[in-house]
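Residue numbers (numbering that gives the first Met the number 0), protein chains in the order written: chain S, 0 to 249; chain E, 0 to 283.
Don't read these hints as lab results, they were simulated from the structure. Check before you lean on any hint, since a few could be wrong.
[As the list claims (entries may be wrong)] With a straight-line Cα cutoff of 25 Å, these simulated BS3-like cross-link-like pairs (lysine-lysine) come out:
| # | chain 1 | residue 1 | chain 2 | residue 2 |
| --- | --- | --- | --- | --- |
| 1 | S | Lys205 | S | Lys194 |
| 2 | E | Lys279 | S | Lys145 |
| 3 | S | Lys194 | S | Lys127 |
| 4 | E | Lys94 | S | Lys62 |
| 5 | S | Lys62 | S | Lys221 |
| 6 | E | Lys94 | S | Lys15 |
| 7 | S | Lys5 | S | Lys192 |
| 8 | S | Lys236 | S | Lys221 |
| 9 | E | Lys36 | E | Lys249 |
| 10 | S | Lys238 | S | Lys205 |
| 11 | S | Lys16 | E | Lys94 |
| 12 | S | Lys238 | S | Lys221 |
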Amino acid sequence: MVDKIKIENLSCYYNKKCVLDSLDLNVVENEILGVIGPANSGKTTFLRTINRMNDFDVTYSRKGNVYLDGDDIFDIDAENLRRRVGTLFAMPIPLPMSIYDNITYAPKRLGLVAKKSDLDGMVERVLKYASLWDEVKDRLDASAMKMSGGQQQRLCIARVLAINPEVILFDEPCSGLDPISTAKVEELMIELKEKYTIVLVTNNVKQASRVSDRTAFFLMGKLIEVDKTGKLFVSPKEKETEDYITGRFG
Amino acid sequence: MIKLSPKLSQKFSYALLCFAAILAIAPVLLIVFMIIKNGASAISWEFLSSMPKDGMRGGGILPAILGTLSIVLCAITVTLPVGVCAAIYLNEYAKDNMLTRIIKLAIVNLAGVPSVVYGLFGFGIFVMFLKLGVSIIAGALTLSIMELPVIITTARSALNSVPYSFREASLSLGVSRWQTIRHVVLPSAIPGILTGAILSIARISGETAPILFTAAAFYVPHLPYSIFDQVMALPYHLYIISTQIPNMPKNVIYGTAFVLLMMVLTMSCVAIFARVYFRKRRKW
Chain S
0 MVDKIKIENL
10 SCYYNKKCVL
20 DSLDLNVVEN
30 EILGVIGPAN
40 SGKTTFLRTI
50 NRMNDFDVTY
60 SRKGNVYLDG
70 DDIFDIDAEN
80 LRRRVGTLFA
90 MPIPLPMSIY
100 DNITYAPKRL
110 GLVAKKSDLD
120 GMVERVLKYA
130 SLWDEVKDRL
140 DASAMKMSGG
150 QQQRLCIARV
160 LAINPEVILF
170 DEPCSGLDPI
180 STAKVEELMI
190 ELKEKYTIVL
200 VTNNVKQASR
210 VSDRTAFFLM
220 GKLIEVDKTG
230 KLFVSPKEKE
240 TEDYITGRFG
Chain E
0 MIKLSPKLSQ
10 KFSYALLCFA
20 AILAIAPVLL
30 IVFMIIKNGA
40 SAISWEFLSS
50 MPKDGMRGGG
60 ILPAILGTLS
70 IVLCAITVTL
80 PVGVCAAIYL
90 NEYAKDNMLT
100 RIIKLAIVNL
110 AGVPSVVYGL
120 FGFGIFVMFL
130 KLGVSIIAGA
140 LTLSIMELPV
150 IITTARSALN
160 SVPYSFREAS
170 LSLGVSRWQT
180 IRHVVLPSAI
190 PGILTGAILS
200 IARISGETAP
210 ILFTAAAFYV
220 PHLPYSIFDQ
230 VMALPYHLYI
240 ISTQIPNMPK
250 NVIYGTAFVL
260 LMMVLTMSCV
270 AIFARVYFRK
280 RRKW
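Given only the sequences and the hints, what does the whole structure look like? Please build it.
So, in structure tokens, the structure goes:
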């Protein structure tokens, strides 16, 4: 049980308004940590702090520390951090280019792949991994914008896999997807945890119970409880957790 | 006060609004019609390709065409890169601070300066102070300063129309900000930037005041050799032949106007086609 990410006393603010309050949390290597909680509980802020996408928001400020493999993430180069911590957004955002280029885009820019022939192999490997290869292998030059929502989300997963990160953050990855696509993405997440560490933020409590190893419950910017998923869903320690997972609010 | 029934007042206002809109077509048609009617007889290959003769009453207007083309080409070569770079900085990098606000204020003000003032400014700075003389380069620099705010504004709105999520998707993969701009934002913004640039070219081809003291000559007996030459320019030539030369054949005046108008309209058409072409190719 090695801690991949360690968060110590992290507080985040937008325009001085506290949205995440003295959070202490760890993410264990090769686990899926589910993060649940109602809207405005600070889940997305939590993710956007870990991959430092909030650096671009001028209203945002923070206190506390986050460590990735013991390195303070605010000390390492933000681009390097984001290469190690891949992100999947709620809405799939393919780049305005072909399916093939969407996947090779980042590896090319980051200089991860040297030869053209390596690129072809890499594209095939990640698309197969994201179980998208059979659907798109004949139209890799087609625009990624013309795919269905579920396909786009799997393309985005393939795109993240192409930069070979250590951690993958899923920000409500199935909120716009139909049940079949959702099942595919969930299956994929379970497969992925063998190689990657995963943080799954979700509005769907059932999804967290299906997929995650441990689950954390956030409410109004505070971490209420974190425990093994089986334990948290069966016998939660806190009353708020019980109310939320049994659907009494939120 | 007469009270119209709702139906009647609806019809009345529709007619009024429609009439006002149609009114906008009328000047365009009239201008084109008048110029073609009076000037078409002057247009010939010789008119476009030879030097003026008989104190400019005969011959062609080749030096003026080439003069205008070279000034405009130089101006856009200077103003487009500077303007696009400034727009990228303002749209992608600039934080909302004092400096940014001053820059934006300066751009707005630059756009409001009358063109003849640019002419005087260019004369003072480029012709006298930098000792470039009355020349293509002095005129081009003057025009490029005048066109800078327009290029910056159109380029900024082109950059702004690229969805922010594309930038986030690219950045989240560990790609740097500059690479994101270079490989995702710019390719998507180029159609808008190009259209703005072409319309700018069209606009500055017809400007007279800024080149009046900086580049244009009454008459030059040879074609321009270098960018340090004084040249004839179409708008200024038109002004001279319509006011300064007695017994000027009318069709030559209108013919010259026709050539200038065609140059501007052609570029506007190119801009429209470019926009349609890029919109079709756009992938989102």
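Now for the hints, and whether the structure bears them out:
1. Lys205(S) to Lys194(S): It holds: about 24 Å lies between the C-alpha atoms, which stays within 25 Å.
2. Lys279(E) to Lys145(S): 14 Å, holds
3. Lys194(S) to Lys127(S): With a Cα-Cα distance of about 16 Å, the restraint between Lys194(S) and Lys127(S) holds, given a limit of 25 Å.
4. Lys94(E) to Lys62(S): 22 Å, holds
5. Lys62(S) to Lys221(S): 15 Å, holds
6. Lys94(E) to Lys15(S): 19 Å, holds
7. Lys5(S) to Lys192(S): Status holds; Cα separation ~18 Å.
8. Lys236(S) to Lys221(S): 15 Å, holds
9. Lys36(E) to Lys249(E): Holds, at about 11 Å.
10. Lys238(S) to Lys205(S): 18 Å, holds
11. Lys16(S) to Lys94(E): At roughly 21 Å apart (the allowed maximum being 25 Å), Lys94(E) and Lys16(S) satisfy the hint.
12. Lys238(S) to Lys221(S): Cα-Cα ~14 Å, so holds.
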